[in-house]
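Respectively, the protein sequence lines represent chains A and B. Residue numbering for the first sequence follows this note's numbering, beginning at 44 and increasing consecutively. Residue numbering for the second sequence follows this note's numbering, beginning at 44 and increasing consecutively.
Among the clues, some could well be false.
The list treats identical chains as interchangeable, and a pair is accepted whether it falls inside one copy or across any two copies.
What the hints assert, rightly or not - List of simulated lysine to any residue pairs, SDA-like, C-alpha gap at most 25 Å:
hint, residue 1, residue 2
1, Lys214, Leu290
2, Lys364, Arg326
3, Lys199, Ala84
4, Lys50, Glu187
5, Lys114, Leu172
6, Lys216, Phe56
7, Lys114, Glu167
Calculated directly from the structure, the hints in this document are not laboratory data.
Protein chains: 2
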Amino acid sequence: MEKLKLKSIYSEFRPDLEYIERELNRSVHSESPMLEGACLALIGSGGKRIRPVFTLLASKFGDYNPAITAKAAVPLELIHMASLVHDDVIDDADLRRGERTVKSMYGNHAAMYVGDFLLGRSLEIIGELEDPEIHRVLSQTMIEICVGEIIQIEDKFATEQNLRDYLRRIKRKTALLIASSCELGGLVAGADPQTVRKLKRFGYYVGMSFQITDDLLDFTGTEKQLGKPAGGDLLSGNITLPAIIGLRDPGLRPKLLDALEGRMSTEDVVQLLGSMKDSEAIRESVRISDRYLEKALREAESLPDIPDRDSLIRIAKFIGKRKF
Amino acid sequence: MEKLKLKSIYSEFRPDLEYIERELNRSVHSESPMLEGACLALIGSGGKRIRPVFTLLASKFGDYNPAITAKAAVPLELIHMASLVHDDVIDDADLRRGERTVKSMYGNHAAMYVGDFLLGRSLEIIGELEDPEIHRVLSQTMIEICVGEIIQIEDKFATEQNLRDYLRRIKRKTALLIASSCELGGLVAGADPQTVRKLKRFGYYVGMSFQITDDLLDFTGTEKQLGKPAGGDLLSGNITLPAIIGLRDPGLRPKLLDALEGRMSTEDVVQLLGSMKDSEAIRESVRISDRYLEKALREAESLPDIPDRDSLIRIAKFIGKRKF
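Bound-form chain A, shown alone (with noise of 0.2 Å):
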């Protein structure tokens, strides 16, 4: 149902997307079939393809051109690829979106360097594109993403952390990606400076709602929702924002911590869980995610009228509202 919805969105921009998919494909060619057949694993196994999206949306506010705009999507994109891969590594990840990992298929050795073979990719494309400023900006986006993952294991099992820890640490772990992303389309494309600045802080606001609805999801959705069982954050210890503002809750700080801490059987998560799910915790942590949902819409509708504001706008209200 609501992966149709998106589907209706991005299908008024198909040809564009399926560009840049062709690029993302040919992007991994390697003589060893392993890798080549890795990574196309890993793209066919699909994803919501936000970045680039936001990336191919962003140009239109310039002089779109779909070779340019690839050059600025697809190696972001294979930095996103890449920490998935590197993630599913550490977390001995079997599955992901329903299917088999890379590191499931082909063993943990490959699944790293499939990975790291996605940021060389990456930087090779990255060369291609002259303006110091684009190398700036991926560089530093790259770089805020592990600084953000190793920030996430020093505040692990950290029970006494605050909102401000947590959200600092959403922003270099994702959001500033989506921020990026949104950023070189703009950039790429010639946009002027004020666009790009808006187009920045509108990824910088989606991506702060996206995973906060993540978060959010981990506690509340199905395991066919998720692709994977839920609670998995909490059970290895990375406290988000629903535990952040449960642990305040003497109700139900007792059972977080059990939970967290290890001491916790299958089923009691469950029912802490169900417990969980109409509590104040969610509902204040919904009512975050939807205040940087109400910035993004913002700052969308102070961009320049074009027919691709709309759909901005659309994907920016799908993402902080998905059920999965």
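With chain A's structure known, arrange chain B on it following the hints.
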């Protein structure tokens, strides 16, 4: 003894190397203490700095400027360090050069992102260099390293592989990065194209000899020399030159197959390494390494006659003949 020898060769250009070392330390600055600490520990644990030394010496064949040379040497060394950190995650290695690995100090997840962070910083510094040729060389090098690692996985336990398979693999895994270190040193200093080509070939031949020597040492070195137990390649199914040649010897073949297929006790492995030591397999491997070293020396001797040419030659000889 031998470490002293390398130190004495390096002493001639110590201030330049110290400058690169400072730039390396500076390049990993981060507001995350864990991240910066892990990187500084990694840099501090040393290594022979073969690649920066080659970049430095190659730069002397043009207009030498330490700051510009460092901009090529630092990202190359960061790429190299990233691949070491990622290898340690996969190999589950707790020690490297007798020091604790990032993985053992901070865990797998952190080590993964420390590696990715190093690649990101590398990309950032490369971005400051404007010559697109330099971007091309660096991204190609990174890609080839990954392809080399993946092919190494594909070739694992493949007992029927030949010399060509092995040479193709180590070219990508090791020789290209050293070739690029030499090539980029010349390139950033504006050395003439013929000299740059010679430097690249020199680096390639040295790199081949370097890796063959490394693979030999895994058979002939002591745990003290290697900083880890000998025989690791064999036991992990990584079939290197001495094993490829040894598999052709009817006396060694059954034992090598037993070791490769995990049917051998630790004691028997020690015995096998002992009987390899004065085998034709080892002698032939040494001869092949020496042949690459000779080609490297011939290439070096055809370079313009400046004092640094002698340093290149002395380091090449040292690398090809080293015992650790």
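Go through the copies and call it for lysine 114 and leucine 172: within, between, both or neither, with a Cα cutoff of 25 Å. both (7 Å within a copy, 19 Å between copies)
With identical chains, the pair lysine 114 and glutamate 167 could be close in the same copy or across copies; at 25 Å between alpha carbons, which is it: within, between, both, or neither? both (10 Å within a copy, 18 Å between copies)
Is it within a copy, between copies, both, or neither that the alpha carbon of lysine 216 lies no farther than 25 Å from that of phenylalanine 56? neither (28 Å within a copy, 42 Å between copies)
Between lysine 214 and leucine 290, at a C-alpha cutoff of 25 Å, which is it: within one copy, between copies, both, or neither? within (22 Å within a copy, 54 Å between copies)
Status of glutamate 187 relative to lysine 50 across identical chains (alpha carbons, at most 25 Å): The answer is neither: 31 Å in one copy and 37 Å across copies each exceed 25 Å.
Within, between, both or neither: how does the pair lysine 199, alanine 84 come out at a Cα-Cα threshold of 25 Å? between (31 Å within a copy, 22 Å between copies)
Homomeric proximity label, lysine 364 with arginine 326: Cα distance no greater than 25 Å: Classified as within; 13 Å inside a copy, 68 Å across copies.
When the structure is compared with the earlier hints, violations turn up for hints 4, 6 and for no others.
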